[in-house]
Structure formats: C-alpha cells, structure tokens
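> Going by the working numbering, the first residue of the sequence shown is number 32, and it counts up by one from there.
It should be emphasised that the hints constitute simulated quantities derived from the structure, not laboratory data.
Take the hints with a grain of salt, since some may be wrong.
As a list, the in silico DSSO-like pairs of lysine-lysine whose alpha-carbon atoms are at most 30 Å apart [as the list claims (entries may be wrong)]:
id, residue 1, residue 2
1, 186, 207
2, 310, 321
3, 207, 280
4, 333, 310
5, 338, 310
6, 321, 333
7, 338, 186
Estimated spans, in silico, between C-beta atoms of each pair [what the hints assert, rightly or not]:
id, residue 1, residue 2, range
8, 180, 285, 40 to 50 Å
9, 295, 157, 12 to 22 Å
10, 275, 352, 27 to 37 Å
11, 309, 347, 18 to 28 Å
12, 281, 182, 38 to 48 Å
13, 290, 161, 14 to 24 Å
14, 177, 219, 45 to 55 Å
15, 360, 228, 31 to 41 Å
16, 364, 228, 27 to 37 Å
17, 281, 321, 32 to 42 Å
18, 169, 338, 28 to 38 Å
19, 307, 183, 35 to 45 Å
20, 186, 321, 39 to 49 Å
21, 353, 202, 17 to 27 Å
Cβ atoms here follow ideal geometry from the backbone N, Cα and C, with glycine treated the same way.
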Amino acid sequence: MTKKRGYIETSSRFKIQSDDNFASETCQNSSRLRNLTSWATSMQINSLFGSCLKLQCIGLAIDKISDGIKAFDFSSSETIQVLHSGNELSQYWENSLDRGSLAYCCSGAMGRTGDDTQKRDMKQVRQAAEHLHRILWNTPFDQWLAAFYVPEFNKSFNYLPANHLSNLRLNDLGFKEMVLLVRQEYDKAFDVIEETLLNCGTSHLGGIIITGQPGIGKTCFLFYLLLRRLSSGQPTAFQIRPTYYLLFKNSGVEVHGPEFSTLPDGTLALVNSNEKVEKPCDGFLYASDKGTTFVVQTTPPKANRWKDWEKYHDGFLYVMECFSWDEMHALGIFTWYLCGSPQE
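Using the sequences provided together with the hints, build the complete structure.
Structure representation (structure tokens):
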C-alpha cells in the first residue's frame, strides 16, 4: 500500500512533472491547502508516476523558488523522512532545498510478480470490504454526510468529506475521488431503481445500464448506491474483477469467483465498466435470469459494453444528465479547497 506523509508551509503555483516525464499536470495551489496527503491523492500520484512506483521508494520535493518538482530514487525506506525545514530536509536530497519547500515521499512495490500483486490486492480488497460492512451495515447513512451552503444559489449540498471516505476505506475498493458530491441525479436514479424493484415483485428482474457523458459522476453514483444499500442492510454484490465480486449480506462479506453462485433474493448487483471490468460477470447475469438479482451497470456510452446483456437479460438504458450550473459551482468549491471543509 502506498504510504504518504507530508508537510506544507507556503503556497504557489506548481508544475507537476516527474524526471522521467511519465506525466505532467498543473495544479493551482492556494493558502487554503492544509493537507498534503489530500493534495497528493487528489493529483492521483499513483497514475501520475505510473511505472515509477515499481521502485522501492520515490521522493518528491516541490521547490517554491524553481516552481517545479524534483523526483529522486532512494535506496531504502529508512532514508524516507519528511522534515519541517529545508535545511534539515536538504541532506536527504541530491540538491539543497529552500526553507518552506514542500516534501512528499511514497513507497512503491519492488519485485512483485503479477500473481503476488493480485493476491495481495484481493486480500486488501476483502479486508476493506469487511471493514466497510462492519461499520456501515444497517446504520444511518446521514451520519456520514456533511452539508455546505452556496449563497450564490441559495442552496445546500450534501457530500461525503475526504476524512469519511478515508474512514470507509473506499479507495481500496477502487474509489479514486477526494470527495463524493451527492448530485440531484443520484437521488433520481436511486428512485428509478427502487421503483423498478418494487414493480418487478417476484418476476424476472433484469437490470439497468446507467450511462452518459464522461466525467458526470457515474462511478461516484455506483459507490453512493453501494453505501446506501449497506446502510439500509440490503444484500448487495459489487464486482471487483471481470469474474470476481463481493457479496455483502447480513452475516458478512463473501468473495465469489467465476463459478455460478446463488445470490439472496433482492440482491442489487453493481458493476462499473472501466479499464479492468468491461461487462457484468456471468454470475450476475445468471442470478438476474433466476429472478433474485437486479443488475446496475455504470458505463461510458460504448454500446459494446452493454448491448448484448441489455437485449438478452432484460436491461434498460438510463442516461444520466450532466452537471447543473449549481453543481458545477459546488464542485469548483471542492476543487479550490482540495477537499477541505468549506466554510458555511
């Protein structure tokens, strides 16, 4: 697991760029930025440095004078330290840094095979799922939500703040955002699903394909749906690999593989189409045909990911609307604060 620690003292505009030019991105930092870990995660440091993470350790230093990032390879994790002064910090870097510089260190895997990585990842996923079940199952969902008021629109917005997302360990289940803003569309889609389940009764359930333009929060909705289902104590399956999924039920969490398994009546089977998972697994579609499961797939508007199962397993299409102006404004506030706590 990537380890992150950091310290920040000043603010400036940074150009994020690794020495090996794996990726670059521009970040507007402000005096409101107080938590380096939140900042580093919001910049998706794992993706940013890609294959760099195969190294045992990588260090990053942001120099406010040179307006850039320096990345260095450390020989061992014992040399990784984040210190509060540039004078102290400079001894751990090839070049001295000015006082007030920001330092960030992360540990990466070294020498893992694909099988070892997959086993470790699956163990971490299961532990995160069990943790989520333990603290969320059949408990009020509202306790995890926060709200802030946007005077420009005379409106309040609900969201799951970064510290709650961290406590829920959603990142280990594939959630990559720093905050989960509860969009109006989420409640609309949730109501459509609930109404469909009520109307189906004991008949064949089928499923729903939720699609729309990229970047409108389809993946966030799926996690929002997962959290609401668990908080209400309802059986829910969550696909984590092309053929593997988690089953949350009253007794705990189970990991199911390629074999067909019986799912409890009324199970919601959730799948997010991404670079790892393209379609609902056969286990979901089999359970749907048996009338025990309703499949919910969030997917980009690519028909090859849903056309076949929609046709042969009674799925229907739901197009999620884009962000409204007030939601875009709210999201902009979160971007500005980098997932801090907005002032009401």
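> Return the numbers of the hints above that this structure violates; sort them in rising order.
Hints 7, 14 and 17 contradicted; others consistent.
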